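Given the structure of chain A, go ahead and fit chain B onto it with the hints provided.
2 protein chains.
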Amino acid sequence: MNQAVKFIGKIESSIKTIAESPLQGNENAPGATIVIFHEFAEGTKDIKPGDEIILLTWLHLADRSTLTCYPRNNTSLPLTGVFSTRSPDRPNPIGMHPVKVISADGNGIIKVAGLEAIDKTPVIDIKPIVSRQGL
Amino acid sequence: MNQAVKFIGKIESSIKTIAESPLQGNENAPGATIVIFHEFAEGTKDIKPGDEIILLTWLHLADRSTLTCYPRNNTSLPLTGVFSTRSPDRPNPIGMHPVKVISADGNGIIKVAGLEAIDKTPVIDIKPIVSRQGL
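Just so you know, the sequences run in chain order A and B. Here our numbering is used: position 129 in the first sequence is 129, and no number is missing along the way. Here our numbering is used: position 44 in the second sequence is 44, and no number is missing along the way.
To be clear, the hints were calculated from the coordinates, so they are not data collected in a lab. Please note that the accuracy of each hint is not assured.
It does not matter which identical chain is meant; a pair holds if it fits inside one copy or across any two.
In silico SDA-like cross-links for lysine to any residue, where the CA-CA straight-line distance does not exceed 25 angstroms [unchecked claim]: (1) Lys-16 <-> Ile-102; (2) Lys-45 <-> Ser-65; (3) Lys-48 <-> Arg-86; (4) Lys-6 <-> Arg-86; (5) Lys-45 <-> Leu-67; (6) Lys-48 <-> Arg-72; (7) Lys-48 <-> Thr-80; (8) Lys-6 <-> Pro-71; (9) Lys-48 <-> Asn-74; (10) Lys-48 <-> Ser-76; (11) Lys-6 <-> Thr-80; (12) Lys-48 <-> Cys-69; (13) Lys-45 <-> Cys-69; (14) Lys-16 <-> Glu-27; (15) Lys-48 <-> Thr-68.
For clarity, every value in this text was computed on a predicted model and none was experimentally measured.
Next up, chain A with everything else stripped away, as it sits in the complex (with noise of 0.2 angstroms):
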């Protein structure tokens, strides 16, 4: 059973390949552009700069057969069931990125910082850094 995930946007990013990306974020990753479609961009009018956001993408190169991986792709660390560890080949491939706003425009386009998915991925929801208020 399945349903449809709708792309809502897409990466805009100097990382054009999976080699030159890092494995995460924070691993000295490049800021980049979130570009949401206008049909969607209304939906980010209240992202602001400074905004701790969860982008999550649809990582569309991924291998969704795969069910157990090496973590960090060493294949000296043990077979891993694939839901302990964050690779990208997965039955679903979604990336899940916390990121900070450096800019917004309020229509859909939204600078980035650390962002380590590849140029082009497309972006499937924005949720914010739950507050104490639960937003």
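Just chain B now, kept in the frame of chain A:
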């Protein structure tokens, strides 16, 4: 443009309706069981009691046309862009639940504490909270 999400499992919970569900898992949500379907169960073999995981669900009762909403359904708050809220009503109704593992059989049955998702909610991914090792 879109792609199919695979439902890899489901939630079993005493919460049967949205009306019964707390807005966040830390608001007196009960324990629940994650049942991963047989074909994906191997991917859970390394999930252990005490693990802190992020459960991703597909909030199947959501309104996917929503771009603005009132945070916490409070109409005295400003109408807010949905990507600055945790509303389940959003273009891709992905629920993101940080939960602690109480027990796990290594073969797809995982009991967790404090989960606000309702009974029969589809599960789409499980990720570890990123450790120093970056798994």
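How the hints compare with the structure:
no., hint, in the structure
1, Lys-16 <-> Ile-102, "within (21 angstroms within a copy, 41 angstroms between copies)"
2, Lys-45 <-> Ser-65, "between (37 angstroms within a copy, 16 angstroms between copies)"
3, Lys-48 <-> Arg-86, "between (28 angstroms within a copy, 16 angstroms between copies)"
4, Lys-6 <-> Arg-86, "both (22 angstroms within a copy, 18 angstroms between copies)"
5, Lys-45 <-> Leu-67, "between (38 angstroms within a copy, 10 angstroms between copies)"
6, Lys-48 <-> Arg-72, "between (33 angstroms within a copy, 20 angstroms between copies)"
7, Lys-48 <-> Thr-80, "between (39 angstroms within a copy, 12 angstroms between copies)"
8, Lys-6 <-> Pro-71, "between (29 angstroms within a copy, 23 angstroms between copies)"
9, Lys-48 <-> Asn-74, "between (38 angstroms within a copy, 21 angstroms between copies)"
10, Lys-48 <-> Ser-76, "between (43 angstroms within a copy, 21 angstroms between copies)"
11, Lys-6 <-> Thr-80, "between (30 angstroms within a copy, 21 angstroms between copies)"
12, Lys-48 <-> Cys-69, "between (38 angstroms within a copy, 17 angstroms between copies)"
13, Lys-45 <-> Cys-69, "between (39 angstroms within a copy, 12 angstroms between copies)"
14, Lys-16 <-> Glu-27, "within (17 angstroms within a copy, 42 angstroms between copies)"
15, Lys-48 <-> Thr-68, "between (39 angstroms within a copy, 16 angstroms between copies)"
The structure agrees with every numbered hint stated previously.
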